[in-house]
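> Sequence:
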Amino acid sequence: MGTLAKVGIVSDARLVLSEAKRGKIEGEGKVEAAASGLSFDAIVQLIQCMRNRLMTEAGRRMLISLILLRVGLTVHDKALKVDIVPEFPVEATFETDSDKCSFSGVVDYIMVRLSPANSVFLLEAPADYILRQVRKKAVAAAVIKAEQDIMEQAIPRAALTIASYCNQQRSVHCFSTNKLTYTYTHVRLSAMRGCITSGEQWIFFIYKCPKALGREVVPIKREGEFYFSRQFNLGENLENLSLILGLLRDLTDNANQKYFSYESE
67 MGTLAKVGIV SDARLVLSEA KRGKIEGEGK VEAAASGLSF DAIVQLIQCM
117 RNRLMTEAGR RMLISLILLR VGLTVHDKAL KVDIVPEFPV EATFETDSDK
167 CSFSGVVDYI MVRLSPANSV FLLEAPADYI LRQVRKKAVA AAVIKAEQDI
217 MEQAIPRAAL TIASYCNQQR SVHCFSTNKL TYTYTHVRLS AMRGCITSGE
267 QWIFFIYKCP KALGREVVPI KREGEFYFSR QFNLGENLEN LSLILGLLRD
317 LTDNANQKYF SYESE
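If you read the sequence shown in this note's numbering, its first letter stands for residue 67, the second for the next number, and so on.
These are computed hints drawn from the structure, not numbers from a lab. Since this is a predicted model, take the numbers as computed values, not measurements. Check the hints yourself; a few may be wrong.
[As the list claims (entries may be wrong)] Across the chosen pairs, the derived CB separations fall in these ranges:
#1 Gly93 x Asn299: 15 to 21 Å
#2 Thr69 x Gln111: 37 to 43 Å
#3 Asn299 x Glu329: 29 to 35 Å
#4 Ala86 x Gln297: 16 to 22 Å
#5 Leu104 x Glu329: 28 to 34 Å
#6 Ala183 x Val97: 23 to 29 Å
#7 Gln323 x Gly301: 25 to 31 Å
#8 Glu85 x Glu218: 32 to 38 Å
#9 Glu218 x Asn184: 32 to 38 Å
#10 Ala71 x Cys115: 39 to 45 Å
#11 Arg296 x Phe187: 37 to 43 Å
The beta carbon of each residue, even a glycine, is placed where N, CA and C say it ideally should be.
Starting from the given sequences, assemble the full structure and let the hints guide the process.
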């Protein structure tokens with residue numbers, strides 16, 4: 067995690083699932099999507115089929131997409147739906163000339179809750195539309211794809227990705243005095259949640275943006291806090307599928323929440 071320390075991001079495996087709440091999470095994962103045709107039993111059969119025939123890089127991406135689609139269908143209602151945007155671009159926000167790491171690239175998937183009437187605008191220009199909606203406090207969650215069996219190596223990249231994304235949502239005005247740099251910071255996002263996955267393995271995280279109250283003057287000390295859970299596996303017989311679907315549903319419903327809903331107290 068040395069890369070994160072260089073840019074001032076605090077990171078720790080602090081999110082611990084409460085076993086007492088496991089049954090409730092699994093129940094949320096098994097909720098059926100009304101009139102969608104993609105029942106829980108159907109997704110089990112599709113995943114088993116993929117495992118037998120398509121466990122290539124393309125197959126893993128299809129597996130992730132299928133699981134996210136199932137989550138999106140179960141949280142759909144008349145007022146809000148979930149749209150899944152792949153390959154969301156992120157601008158570099160860390161300066162290399164200040165001994166910090168620069169990051170630019172894509173978030174593999176962004177899951178956005180919005181009204182059905184606005185879907186057409188999202189499809190026309192996803193990047194511009196999502197950034198505008200974030201400023202209106204719209205809910206967006208991030209999914210970062212990782213290589214199978216090396217999930218932990220993706221944690222620094224995920225932290226930098228989300229930090230860069232959140233930095234795009236804040237306006238900053240700096241001034242210097244007595245060799246110290248200060249900033250007026252207007253923070254539009256207080257936190258963002260997401261997950262890292264290979265399709266078979268899943269790690270959930272929360273990124274807490276740097277603290278700033280309105281236009282209060284604060285020293286530039288750190289970029290934020292990145293906390294993540296242990297790794298959850300689908301399991302040989304998909305015994306943890308309902309748990310992962312439930313955690314993803316909570317993630318989508320509470321994407322900008324500062325705490326893990328099912329965290330141990």
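> Now tell me if each hint is right for this structure.
Now for the hints, and whether the structure bears them out:
Range check, glycine 93 to asparagine 299: Cβ separation about 20 Å, and the 15 to 21 Å hint holds. For the pair threonine 69 and glutamine 111, the supplied restraint of 37 to 43 Å holds, since their beta-carbon distance comes to about 41 Å. A hinted range of 29 to 35 Å is violated for the C-beta pair asparagine 299 and glutamate 329, which are about 20 Å apart. Our hint of 16 to 22 Å for alanine 86 and glutamine 297 holds, since their Cβ atoms are close to 21 Å apart.
For leucine 104 and glutamate 329, the Cβ-Cβ distance of about 29 Å falls inside the hinted range of 28 to 34 Å, so the restraint holds. Our hint of 23 to 29 Å for alanine 183 and valine 97 holds, since their Cβ atoms are close to 24 Å apart. At about 27 Å, the CB distance of glutamine 323 to glycine 301 agrees with the hint of 25 to 31 Å. Range check, glutamate 85 to glutamate 218: Cβ separation about 23 Å, and the 32 to 38 Å hint is violated.
For the pair glutamate 218 and asparagine 184, the beta carbons lie near 37 Å from each other, so the given range of 32 to 38 Å is met. For alanine 71 and cysteine 115, the hinted distance range of 39 to 45 Å is satisfied, since their beta carbons lie about 44 Å from each other. Checked against the given bound of 37 to 43 Å, the beta carbons of arginine 296 and phenylalanine 187, roughly 38 Å apart, stay inside it.
Comparing the model with each earlier hint shows violations of hints 3, 8; every other hint is respected.
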